[in-house]
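I would like the entire structure built from these sequences, with the hints used as guidance.
All letters in the sequence shown, in the order written, are residues 1 to 277 by the numbering used here.
A hint or two may mislead.
[Claimed, not checked] Simulated pairs of lysine-lysine, BS3-like, Cα-Cα distance not exceeding 25 Å:
| id | residue 1 | residue 2 |
| --- | --- | --- |
| 1 | LYS133 | LYS114 |
| 2 | LYS4 | LYS86 |
| 3 | LYS148 | LYS169 |
| 4 | LYS134 | LYS275 |
| 5 | LYS114 | LYS127 |
| 6 | LYS275 | LYS240 |
| 7 | LYS134 | LYS4 |
| 8 | LYS155 | LYS136 |
I should point out that these hints are in silico values taken from the structure, not numbers from a laboratory.
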Amino acid sequence: MYKKAYGIIETLAPVHVGATAGEESGNLNLIFRDQFTQTGIIPGSSIRGRLRSEIRRTLGETEANKWYGQEAESGKPDSTTESVVKFEYASLLWLPVFCPGQPIVWVTCPRLLKRYQRIAGDHVKLKDGTSLKKAKIPANYTGSQTLKALDINGKPKLFFNFGFLTVDKTQDLSAWFPLEEELPAVVVGDDEIAMIHDMALYRQSRVALDKEEKKAKKGAFFNTEALPEGTILVFPVAIKDNQETWQPFGASTGADIYLGGLESIGFGHCYLTLKEV
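In structure tokens:
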């Protein structure tokens with residue numbers, strides 16, 4: 001009944017999807033998070049809304065309603081229609097973290113890898129020709145072959161803000177990188193990813209100045225957190241059987257898009273790649 005596809009999001013700038021700026025004193029604008037790993041997510045509604053706005057701009061409201069469903073109209077019951085394309089939330093796959101000597105290490109955990117395996121396992125092939133769905137999830141403290149060895153035993157030892165992390169073994173992790181480039185990376189425990197995630201987030205303090213004086217407006221000082229540049233996320237797509245082909249980017253399989261808020265100050269720039277559409 002539905003064809004399966006998936007999308008890969010690579011952040012090219014910090015991405016903030018969550019609470020918007022308010023007038024409260026000391027307001028902290030948090031991002032949306034997965035309830036189990038406490039890592040950042042991008043809701044499917046945000047992805048759908050961005051793609052809907054693009055197709056409405058280029059092809060008109062009728063075409064947008066056909067693919068993404070007609071929006072509810074006030075005072076008109078049953079005015080909505082089912083969308084042809086359905087999106088789940090985008091979860092983290094690899095998160096870049098500053099690490100002296102590397103200088104960036106991409107971090108993930110088994111739970112996030114399992115979700116990627118569920119989404120893309122039938123389509124991604126290992127070097128021996130078998131599917132990723134049959135691959136064994138890398139064990140905790142497994143590093144990629146691109147890590148630099150730092151200790152006297154030849155094992156990479158990574159330093160994060162909270163202390164040292166010794167990599168037990170290295171192996172080829174290229175199949176777990178959807179953009180076909182194995183980056184310096186390490187797999188940590190499901191109970192550790194939240195701490196590392198909080199350390200890696202991009203944070204910025206913002207202030208609105210009074211028009212007449214060079215001072216902050218009352219209640220106009222707040223902090224924003226965002227997923228850092230270089231984050232890789234994955235999300236599944238379900239496409240209802242249809243005679244026409246869904247091509248949100250025309251003949252291309254990917255495009256630059258903006259997701260989330262604070263676009264005017266440089267947030268939200270991403271590259272979205274669609275697979276198996």
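Hints, verified against the model:
The straight-line distance between the Cα atoms of LYS133 and LYS114 is roughly 9 Å, inside the 25 Å bound, and the hint therefore holds. Of the pairs offered as hints, the one joining LYS4 and LYS86 holds, with about 10 Å between alpha carbons and a cut-off of 25 Å not exceeded. Under the criterion of a C-alpha separation no larger than 25 Å, the hint pairing LYS148 with LYS169 is consistent with the structure, at around 12 Å. For the proposed pair LYS134 and LYS275, the alpha carbon gap of about 19 Å is at most 25 Å, so the pair holds.
With a CA separation close to 19 Å, the supplied pair LYS114 and LYS127 stays within the 25 Å bound. Between the alpha carbons of LYS275 and LYS240 the distance comes to roughly 16 Å, so the proposed pair stays at or under 25 Å and holds. Distance check on the hinted pair: LYS134 and LYS4 sit about 18 Å apart at the alpha-carbon level, within 25 Å; holds. With a C-alpha separation of about 22 Å, the suggested pairing of LYS155 with LYS136 holds against the 25 Å cut-off.
Checked against the numbered hints listed earlier, the structure breaks none of them; every hint is satisfied.
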